[in-house]
Amino acid sequence: MTDLIKNLIDLLDSKKAGDIVAIDVKEVTTIADYVIVVTANSNVHAGSLGRYTVEYFLDSDYKDFMYKKNVELNNPWILIDAKDVIVHIFQKQEREFYSIEKLYSKGTIIYKS
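Just so you know, this note's numbering puts 39 at position 39 of the sequence shown, and the rest follows in order with no gaps.
Errors might be hidden in some of the hints.
[Claimed, not checked] Heads up, simulated DMTMM-like pairs for lysine to aspartate or glutamate below, C-alpha to C-alpha not over 25 Å straight-line:
1) K6 with E55
2) K102 with D59
3) K83 with D33
Note that these hints are calculated values from the structure, not bench results.
Generate coordinates for the entire structure from the input sequences, incorporating the hints supplied.
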């Protein structure tokens, strides 16, 4: 696990993101190296997690790789694409409905809270 991923997980955990899962998908897809999936407690919490994540990437070496600097934060599913890292922030109901981890099931889980 890279320092970027470890520090992002630590940040999300410190901001009370739930059920954090980090998946190494380098060997199974070309869209990213890592996927991180977290659960937010509410719409406001999801937006806050999204803002912290975007700020984290913009303050890192990934600032030039952010697909979109202005992420829609008022949504039950927030997707942040930073080229090699994709972050999914869900509210509980949406996470259960979409089961996004199944899309990446051939990857290797490198962190699970």
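(message) Check the hint pairing K102 with D59 against an upper bound of 25 Å on the C-alpha distance.
(response) 31 Å, violated
(message) With the threshold set at 25 Å, check whether the alpha-carbon distance from K6 to E55 stays at or below it.
(response) Since the Cα atoms of K6 and E55 sit roughly 16 Å apart, the hinted pair holds (cutoff 25 Å).
(message) Need the status of pair K83, D33: alpha-carbon distance at most 25 Å?
(response) 8 Å, holds
Of the numbered hints given earlier, the model fails hint 2 alone.
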